[in-house]
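**Q** If you want the building blocks of each chain, they are given just below.
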Amino acid sequence: MSLHVDVRLTARDLDVALDVATGEVVAVLGPNGAGKSTLLAVLAGLLRPSAGKVVLDGTVLAEGSGTFVPPHRRGVGLLAQEALLFPHLDVTANVAFGPRSAGASRARARTRALEVLAEVGVADLAARRPRELSGGQAQRVAIARALAADPRLLLLDEPLAALDVTAAPEVRQVLRRVLARGDRSALLVTHDPLDALALADRAVVVEGGRVTESGPVQQVLTAPRSRFGARLAGLDLLPGVLTAEGLRTRDGGLVAGLAGDPPAAPGGRGVAVFSPAAVAVHPRDPGGSPRNRWAATVVDVSPRGEVVRVRTRLEALPEHDVQADVTLAAAAELDLAPGAAVHLVVKATAVRLHPTV
Amino acid sequence: MRPRGAVGRRDGAGAGSALPRWVLLPAGAGLALFVLPLLGILSRVPWTRFGALLTSESALTALLLSLRTASVSTVLCVLLGVPMALVLARGHVPGTRVLRSVVLLPLVLPPVVGGLALLWALGRNGLLGPALSVLGIEVGFSTAAVVLAQTFVSLPFLVLSLEGALLSAGDRFEAVAATLGARPGRVLLRVTVPLVAPGLVSGAVLAFARSLGEFGATLTFAGSLQGVTRTLPLEVYLQRETDPDAAAAMSLLLVVVAVVVVVAVRGRRSAP
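Protein chains in written order, with UniProt numbering: chain A, 1 to 357; chain B, 1 to 272.
If you are wondering where the hints come from, they were derived from the structure by calculation, not from laboratory data.
We treat Cβ as the ideally placed atom computed from N, Cα and C, and that holds for glycine.
Any given hint might turn out to be false.
Here are some chain B residues the structure puts well away from chain A; computed CB gaps all over 12 Å [what the hints assert, rightly or not]:
id, residue
1, Pro26
2, Gly91
3, Ala144
Which stretches of chain B does chain A cover? Using the computed rule of at least three CB atoms under 8 Å from a CB of chain A, they are [stated by the list, open to error]:
id, stretch
4, 55-68
5, 190-196
With the hints as constraints, model all of the structure from the sequences given.
**A** Pasting the structure below:
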């Protein structure tokens with residue numbers, strides 16, 4: 001086990017436990033303000049946790065109110081949204097900064113810097129000043145600078161978010177190559193599922209300062225167990241308690257569905273996940289089987305290519321939005337507009353029931 | 001990545017709504033308040049004897065003393081002010097607000113009061129006077145007193161200027177430097193100081209100018225002994241009745257120095 005984290009930071013309402021294996025890249029997904037960047041700051045040593053433990057390769061970096069290794073002795077690299085190259089140093093000196101700080105001679109640090117710059121594919125920028133670089137170039141130099149310090153753990157805080165559409169793919173390629181070598185663990189904070197798929201082995205979802213989901217990226221994006229995971233995947237999700245008949249929601253209603261993978265154990269917390277395409281919208285209660293039928297109010301209607309996405313609020317569970325995709329013709333016929341009262345029906349065979357943490 | 005906010009600010013600079021015209025009237029009156037006295041000096045300067053007046057023995061002595069003391073007090077301001085600004089901007093120490101108010105005090109205190117305060121603290125009969133006497137140090141009415149008085153009034157300029165630069169630079173570069181393995185000392189010297197160098201230079205220039213113009217605190221704490229404590233502003237004050245021509249020439253010299261300083265600082269600030 002390379003990185004073991006189990007920390008609390010009361011001031012920021014953060015309570016996170018996670019493990020990262022050597023060479024593993026873990027994507028940290030979550031809505032804005034969920035505590036993702038706070039988590040990285042705790043790992044980098046820029047914030048002191050109020051309780052808990054951070055252990056990297058057997059070294060305790062922070063423990064309760066006692067041990068606290070300062071950032072410069074952690075061997076934890078940080079790459080932010082902005083490159084943050086030191087503006088008063090040229091590219092080579094920026095990349096040589098890490099080796100120099102570790103005590104390397106000027107010549108050796110320079111050699112190492114040029115080596116890493118070549119590795120990242122920006123050897124031609126060695127003599128430039130940061131202000132002469134484009135956003136993508138600057139970010140690649142920043143990657144080189146972080147790597148040159150030879151960190152045991154690399155923290156990437158939305159490294160592609162500030163780049164334009166042409167620069168992002170290039171930098172993503174560089175990161176892919178750098179992370180695929182398998183000798184360095186990394187945490188990648190992102191809001192882009194594509195980044196997670198392209199770069200990470202595993203994903204954790206952080207919501208409200210807690211890990212709400214953890215698993216292979218593919219699984220988080222296709223069979224989400226968290227609200228944010230469902231939002232990323234474009235799926236509907238209702239939480240509740242699993243029973244033999246289905247998922248019991250907070251209002252006492254029952255959601256019928258197929259057991260997910262792994263099969264849900266009755267009695268535990270779980271979620272019902274279904275696609276908006278599987279949600280049928282009716283103007284009046286269609287009757288029939290009582291299962292998976294909800295009265296709802298339309299909140300928002302937006303066209304999405306061939307279909308219209310209707311966001312609704314369930315009368316019984318107003319804290320959860322359920323989205324439905326209907327055809328343009330159906331939307332016109334139903335006269336869907338915000339405030340309209342509708343009835344939603346989802347076939348039990350279209351619903352997956354997953355256990356959650 | 002370029003900071004987007006800065007570009008936006010520059011783009012939007014010309015897009016403000018128009019000013020009401022009447023604003024120009026008081027603004028013009030204010031400007032006249034600055035410009036008229038300058039014209040007053042120019043009208044009094046005896047241009048034919050200008051060189052001779054400035055090179056008279058007393059003027060030269062005062063000028064050299066002023067340059068020497070102002071230089072030393074600027075160095076002192078940097079040595080004391082840089083750590084103070086760092087503590088204010090980055091120290092995360094409790095009571096920063098109170099500390100900042102204390103630093104501001106010499107800026108709003110009448111310099112004469114500052115001089116008296118220094119005298120009562122460090123003078124022969126002051127708080128620390130007896131202790132200093134035992135050590136053989138007599139501060140009052142010496143060149144050292146001039147430097148102390150100048151440092152007292154100039155320090156806030158350097159501290160505030162540098163603190164502003166530190167706050168606007170933010171600590172993100174420093175955080176990155178730390179994650180790259182740089183010890184706090186290395187971060188300070190290799191990252192923080194170079195980043196705020198423009199702020200440090202303009203703060204030092206302002207402190208030098210303020211030291212050069214110091215009068216009230218110097219007079220009360222250091223007195224007016226030719227060659228020892230009589231700096232250029234004191235010389236101007238002394239000569240204003242006995243030799244107004246010399247006073248006007250020396251005044252003009254001080255004005256020129258002030259203009260050079262203002263231009264230097266503004267040039268620094270508007271540089272990218």
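**Q** Are there hints from earlier that the structure breaks, and if so, what are their numbers?
**A** 4
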